[in-house]
Each structure stands twice: as C-alpha cells, then as structure tokens.
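Let the sequences and hints guide you as you build the complete structure.
Chains as they are written, first to last, in the working numbering: chain A, 1 to 160; chain B, 1 to 151.
Derived from the structure by calculation, the hints contain no laboratory data. Positions of the beta carbon are idealized from the N, C-alpha and C atoms, including for glycine. A hint or two may mislead.
[Said to hold, decoys possible] Residues of chain A clear of chain B, computed beta-carbon distances all greater than 12 Å: (1) 35; (2) 57; (3) 60; (4) 81; (5) 112; (6) 121; (7) 131; (8) 149.
[What the hints assert, rightly or not] Simulated restraints on C-beta separations: (9) B/44 to A/154: 19 to 27 Å; (10) B/106 to A/107: 29 to 37 Å; (11) B/34 to A/40: 23 to 31 Å.
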Amino acid sequence: MFRSGAFKISIIGVLAVASAAAASPTATVTLGGTVTSSLEITSVPTAAASALDLSGGQKIVKISDIEMSTNNEQGLTLTATSGNLTKSGGTSIAYKVTSVANAASAPIAAAFTIASGSDYTVGTVASGSVDKDLYILYTPLTLQDPGDYAGEVDLTVADN
Amino acid sequence: MRPRVQLTGLAALLLGAAAPASAGSAVTAQTTAGTSSLELDGRGTSSTHIVKIAELSLSSDASAGLTMTITSGSLAKADGSTPVTFQVVLVDRAAQAPASAAFTTASGTPYLFSTHSAGTVEKDIYIKYAPAARQDPGSYSASVDLDVMDN
Chain A
1 MFRSGAFKIS
11 IIGVLAVASA
21 AAASPTATVT
31 LGGTVTSSLE
41 ITSVPTAAAS
51 ALDLSGGQKI
61 VKISDIEMST
71 NNEQGLTLTA
81 TSGNLTKSGG
91 TSIAYKVTSV
101 ANAASAPIAA
111 AFTIASGSDY
121 TVGTVASGSV
131 DKDLYILYTP
141 LTLQDPGDYA
151 GEVDLTVADN
Chain B
1 MRPRVQLTGL
11 AALLLGAAAP
21 ASAGSAVTAQ
31 TTAGTSSLEL
41 DGRGTSSTHI
51 VKIAELSLSS
61 DASAGLTMTI
71 TSGSLAKADG
81 STPVTFQVVL
91 VDRAAQAPAS
101 AAFTTASGTP
111 YLFSTHSAGT
121 VEKDIYIKYA
131 PAARQDPGSY
141 SASVDLDVMD
151 N
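Here you go:
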C-alpha cells in the first residue's frame with residue numbers, strides 16, 4: 001500500500017511539470033485600436049444670404065460663417081459649388097465663390113478666381129479646426145427681370 | 001510484490017523523461033478581450049486610458065526565481081502618423097487597476113519584474129496611454145513582448 005500511494009503522488013508531480021513545460025519563456029500580447037475621423041463642417045448662413053441685393057452692378061456679399069475641423073494630420077479640403085441665381089423665365093445671375101479667414105475683410109473682385117459653375121476648394125494641411133467666411137460675387141443686370149431668385153452653394157469637406 | 005515494483009519503476013521513468021523539459025522559467029499570457037480594439041478617442045477630446053491587457057502566469061523552478069522583461073512603446077499607424085505611446089505595469093492577479101502614478105517606467109524602457117524563489121506567480125498587466133486630442137484617424141497596433149529568464 002505504501003508503494004501504491006507513492007506512485008500516485010509521483011504521477012501528480014509529473015502532470016504538473018508537464019503543464020508548466022508547455023509554457024514558454026516568451027509571450028506576446030498584441031494591441032490594436034482604431035481612431036475614427038472627427039471631420040465635420042458647420043455653416044451658419046448670414047441674414048444677407050437670403051436677402052441678396054439684386055440691384056444692378058457687381059456685388060460681393062458674405063453668405064456664411066463656416067467652421068470646419070478634423071483630426072486628420074494631413075488636414076481637410078472644403079469644396080463649395082457655384083452657379084447661378086435663377087428665376088423661372090428670367091435671366092440667371094452667375095455667382096462665384098471664395099473664402100477669407102474668419103472676420104477678415106471682404107475679398108476684392110480679383111480674389112474670385114474660380115469660374116462660376118466650377119468648384120471652389122480651400123484646404124488645410126494639419127489637424128485642427130479652422131473658421132472661414134464664405135463670400136459670393138455676382139452682377140445683376142441693370143434691368144434684371146423682377147421676381148425671386150434662388151441659388152444654392154453646397155459645401156463638402158473631406159480629409160486629405 | 002512484483003506488480004508494485006513495476007509501477008514504481010514506471011513513475012521514475014516518467015519523472016526522468018519530464019525533468020529536462022521542466023528546466024527554466026516560463027510565462028503564459030491570457031490576453032484580455034478588447035486588447036485588439038482599444039478605445040482610442042482623439043476626436044477633439046483627450047483622456048488617459050488604463051487598460052488590463054493580459055493575465056500572466058509565471059513559473060520558475062530556479063531557486064533564485066526569475067526576472068521578466070516587458071517591452072513598451074507606441075501604438076502606431078502604418079503611414080507613420082503620430083503614434084500613441086503606452087507604458088506598462090504589473091499588479092497582483094485580480095487586484096484593482098493601478099493608478100496613473102503607478103506607471104513609473106517610461107514608454108520604450110523595459111519594465112522589469114523579479115521573483116526570488118522558485119514557484120509560480122500570477123499577475124495582471126496593464127497599459128496606460130493617452131491619444132492626442134486630435135489623433136490621426138486609422139488603425140493603430142503594437143505588441144508587448146514578455147521574456148522571462150532564471151535568476
């Protein structure tokens with residue numbers, strides 16, 4: 001009986017050793033995670049945007065305060081569409097778009113370098129937030145057909 | 001009597017066969033769920049995260065115990081954008097998460113842990129990291145290497 005008892009203890013010891021021997025002197029824990037883009041834009045139209053002066057002659061009007069931000073280290077690009085203020089049965093009024101730094105002086109006419117109908121783009125080169133003022137330039141005819149004119153500027157931001 | 005002698009001889013044979021494999025110290029790491037999907041904010045706000053990443057079982061049959069070396073470094077993106085550094089620290093198994101101040105070994109510097117006798121030790125490993133307020137979007141990854149050796 002004594003020998004039998006000793007045998008059982010020995011076997012338990014062997015199993016424990018075998019389990020430890022399955023371990024290794026090294027181990028690795030793999031870490032991972034994802035950061036999602038915080039890209040966003042908000043646009044606050046000015047009061048003038050929906051009450052544009054359509055009397056004859058060139059006009060430069062601030063139409064929106066824009067706030068944009070991203071966590072992308074390469075920054076972002078804003079795209080703004082341009083086109084025409086239209087009225088059924090009336091001659092359209094083409095407008096161009098540009099932007100200036102927040103609260104900066106209004107741009108001069110020469111600053112509107114993108115043709116009406118083409119996309120205006122402006123970008124940043126680093127993460128962070130940036131505020132811009134969006135302006136349009138348009139020139140109603142001296143005898144512009146009376147009525148209500150409407151247009152739309154679509155703003156899109158994308159990470160660079 | 002003869003059968004008993006034979007059984008004893010078998011036990012001795014097993015011990016003899018297992019003895020060489022038992023030499024040295026060993027570590028096993030049971031990775032915590034979520035370790036591969038760490039919370040990375042960085043979308044305008046920044047906060048410090050302290051996360052348990054694995055449960056460790058250390059064993060040594062060396063009378064002077066073992067020393068474990070743990071690496072730390074950075075969660076990095078493949079494109080080389082600004083990485084997120086992390087530090088490591090050990091606590092006893094199932095102990096409370098460590099305080100921020102407990103992470104005293106700088107990121108990139110090996111973290112060392114030693115025992116002084118043979119036996120097994122159970123530990124939990126934590127990391128501390130803080131993404132930037134505006135952390136570049138994308139997938140980040142890193143690895144923590146653990147090495148044990150006899151003292």
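Now for the hints, and whether the structure bears them out:
{"no.": "1", "hint": "35", "verdict": "5 Å, violated"}
{"no.": "2", "hint": "57", "verdict": "44 Å, holds"}
{"no.": "3", "hint": "60", "verdict": "34 Å, holds"}
{"no.": "4", "hint": "81", "verdict": "26 Å, holds"}
{"no.": "5", "hint": "112", "verdict": "32 Å, holds"}
{"no.": "6", "hint": "121", "verdict": "21 Å, holds"}
{"no.": "7", "hint": "131", "verdict": "15 Å, holds"}
{"no.": "8", "hint": "149", "verdict": "39 Å, holds"}
{"no.": "9", "hint": "B/44 to A/154: 19 to 27 Å", "verdict": "25 Å, holds"}
{"no.": "10", "hint": "B/106 to A/107: 29 to 37 Å", "verdict": "50 Å, violated"}
{"no.": "11", "hint": "B/34 to A/40: 23 to 31 Å", "verdict": "27 Å, holds"}
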